[in-house]
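A.B. asks: So the chains spell out like this:
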Amino acid sequence: MKYVFDLETSARALRLNRFLHSLTVASKRKLFLERPEEAMQGLSETEKDMVRHLDWKALQDYGASFFCLEKLARTKGVSNPEMVAAFRGEGLEEFLKTRRVPGAR
Amino acid sequence: MKYVFDLETSARALRLNRFLHSLTVASKRKLFLERPEEAMQGLSETEKDMVRHLDWKALQDYGASFFCLEKLARTKGVSNPEMVAAFRGEGLEEFLKTRRVPGAR
Amino acid sequence: MAKIIGGIGTSHVPTIGIAFDKGRQNDPDWKPLFRGYEPVAKWLAERKPDVLFFCFNDHATTFFFDHYPTFALGVSEEYRIADEGLGPRPIPSLKGHAPLARHIARSLVDDEFDLTIFQDLPLDHGLHSPLTMMWPTKPDWPAKVVPLVVNVLQHPLPTPRRCFKLGQFLRKAIESYPEDLKVAIVGTGGLSHQMIGERAGFNNEKWDLEFLELIDRDPERLARMPLEDYMRLGGNEGAEVIMWLIMRGALAPGARKIHQSYYLPMTTAMAVALFE
Amino acid sequence: MAKIIGGIGTSHVPTIGIAFDKGRQNDPDWKPLFRGYEPVAKWLAERKPDVLFFCFNDHATTFFFDHYPTFALGVSEEYRIADEGLGPRPIPSLKGHAPLARHIARSLVDDEFDLTIFQDLPLDHGLHSPLTMMWPTKPDWPAKVVPLVVNVLQHPLPTPRRCFKLGQFLRKAIESYPEDLKVAIVGTGGLSHQMIGERAGFNNEKWDLEFLELIDRDPERLARMPLEDYMRLGGNEGAEVIMWLIMRGALAPGARKIHQSYYLPMTTAMAVALFE
Ligand SMILES: [Fe+3]
Ligand SMILES: [Fe+3]
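From first to last, the protein sequence lines are chains H, B, S and C.
Heads up, the final residue of the first sequence is numbered 105 in the working numbering, and it's a clean run with no missing numbers.
Heads up, the final residue of the second sequence is numbered 210 in the working numbering, and it's a clean run with no missing numbers.
Heads up, the final residue of the third sequence is numbered 486 in the working numbering, and it's a clean run with no missing numbers.
Heads up, the final residue of the fourth sequence is numbered 762 in the working numbering, and it's a clean run with no missing numbers.
Bound-form chain H, shown alone:
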């Protein structure tokens, strides 16, 4: 898989990415944190499930833009290295061992 965010991917995952993007709005974040199921109305069951479990790798493979995923990560207090580790199929600690300055995040 090449993981290039192209027009085909963009179209396929537009609804999911729109939801993720909506978390840039404070009131949407609040709703999502307090009543996630209500906030996710309109997503498919597959999409909801990936979001419920913060399954970063599944979300990515489905077509979520990394930059839209960042909005979900910030909302849930997850750092980028945690997401990157998940994409690599590693735990955070394992990933940080490969970095020069593990504290710089």
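Treat the hints with caution; some may be incorrect.
Where chain B lies over chain S, by a calculated footprint (3+ residues, C-beta under 8 Å) [unchecked claim]:
| # | segment |
| --- | --- |
| 1 | 344-354 |
| 2 | 360-374 |
As a list, the in silico DSS-like pairs of lysine-lysine whose alpha-carbon atoms are at most 30 Å apart [as the list claims (entries may be wrong)]:
| # | chain 1 | residue 1 | chain 2 | residue 2 |
| --- | --- | --- | --- | --- |
| 3 | H | 28 | C | 581 |
| 4 | S | 382 | B | 181 |
| 5 | B | 162 | B | 107 |
Just so you know, these hints were derived from the structure itself, not from any lab.
Since the model is a prediction, treat every value here as computed from it, not as a measurement.
Note that CB positions come from ideal geometry on N, CA and C, so glycine has one too.
With chain H's structure known, arrange chains B, S and C with the ligands on it following the hints.
C.D. replies: Just chains B, S and C with the ligands now, kept in the frame of chain H:
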């Protein structure tokens, strides 16, 4: 006055044009027709007054885009020939006399 | 390979769509307009293009001035009908040819056209007021569209030369699409009209007829004309005919006009022309 | 006449902004980064440009994929700080140089760049994470910005050659502005990083240092490289360094790099370079 809708005009009248443009949304139109003052919240007093009086010429001179004004005209049941007549400083009947097929509107 | 089978130039006045929706085909005030489109509708019914590539402008309906593109290409499978203040017209949603549109996007961006890409947005009368004059709406549209939205509202506008060049590279883009598709190009807008200022109501039949001649015989000359000349000759809003240049640029240089109709009932000169 | 006094290339990693906001200037993990920006901050304090022209990308914050521009130029007097999921950063709204921006818009559209024009939209860390390393935020920003948002997210992206050419015409646009203004160009992004896929966490220090050399000595060679090479060498997301080419294209051909710093602590190689 050249009446070219350029970036300076666009910036100057952005708030007014945004209001006019919002009338493409059915719920905004309904609000405007039922409770115009509430719908116009956020506009300046000058802007509100021009909208209240459907003062097409003043709205145009202020920087309203013709295509945004069309949204207000449709909402209020005003035809384009009526607006055009107002810009010329004529009444509708007077303007229609200058047209080849006055019924084609 | 995909092939361009012809081109259509047409006005996109909103009242054309309203006249259609109200069934005014035989109203004496509108009959000449409908008659003028009949040869075009017939040509489309016979030649059966798989895709109409539509060059038109949005009228501050879907696109607003806080984020305004010069050229915006639609890449969706479907486009809703926009609400312009009277509710959406009672016509089916448009079907987009997404794979062709995405191919065109890649080809044009590679050839240094700085496109905006849009999807899942509704389209206004700029596209579908002429479309209902040419294509049946029942039981559904007969084929698909690819929409190209052009800025002719907020200056600076693209130059006439840029529009013509875009057409030429659009031809290259379409002809490099691997599937066998028949594509017709539609350029919309004009002819002469001015909706604003003291000169509102302005028309120029002489220039209109000259334009209809030049777009056939000498489009390069139109491409060299500055936008200011279009505004002076055809009215501020009439300058939108630069969108016909995209269509003309996409046709084979030897393409010829095989039909033309011109009708000037009210504020905008309504024209349709067919090229093959 | 306006004059380009120099250029800056810089990463725009969001953690740079967070480190600044948390006052990590002397944290051993961040100190090397802050040190690297000191000569740039000093140069700006001394040379006092009136305007920073910023080439950067939005991160699906203000611009969403339903309407996505290749090149979007901001023409506002002011830009709010965007909320990217943590609330807006505690820094002042940015002041835009609207008259210069509008002049650039006219000049570039005339030179066949198909810009999207935006106004009254908030800007994300792509612009202000590097900005706070170089400019004081108190009592307010010392001068104005003109933002150019580039698509490096949704393929097709503009070609490296197109970016370089845009820089060259940007120079022409700025130099034809009648007012005496000192302008510095900032190109942001990179260096090597990949945030997605099995290769997430990828870096390439060798390529990064080569890039920092070529952007100084042989930008034409960088302009000729296909985007695929940038992605292969610098990672999918690292390909965003094509935005440095806009900056480099806008500088005098004889401009030279007078400072460089490189720091690779985590997932993205952070670099800053100054040209005069
Ligand atoms: Fe129009
Ligand atoms: Fe970035």
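A.B. asks: Determine for every hint whether it applies to the structure shown.
C.D. replies: Okay, the hints, checked on the actual structure:
Residue count for the segment 344-354 of chain S with a Cβ under 8 Å from a Cβ of chain B: 0. That is fewer than the three needed, and the coverage hint is violated. With 4 residues bearing a CB less than 8 Å from a CB of chain B, the segment 360-374 of chain S meets the requirement of three and the coverage assertion stands. With a C-alpha separation of about 28 Å, the suggested pairing of residue 28 of chain H with residue 581 of chain C holds against the 30 Å cut-off. Between residue 382 of chain S and residue 181 of chain B the CA atoms are separated by roughly 46 Å; this puts the pair beyond 30 Å, and the hint is violated.
With a C-alpha separation of about 14 Å, the suggested pairing of residue 162 of chain B with residue 107 of chain B holds against the 30 Å cut-off.
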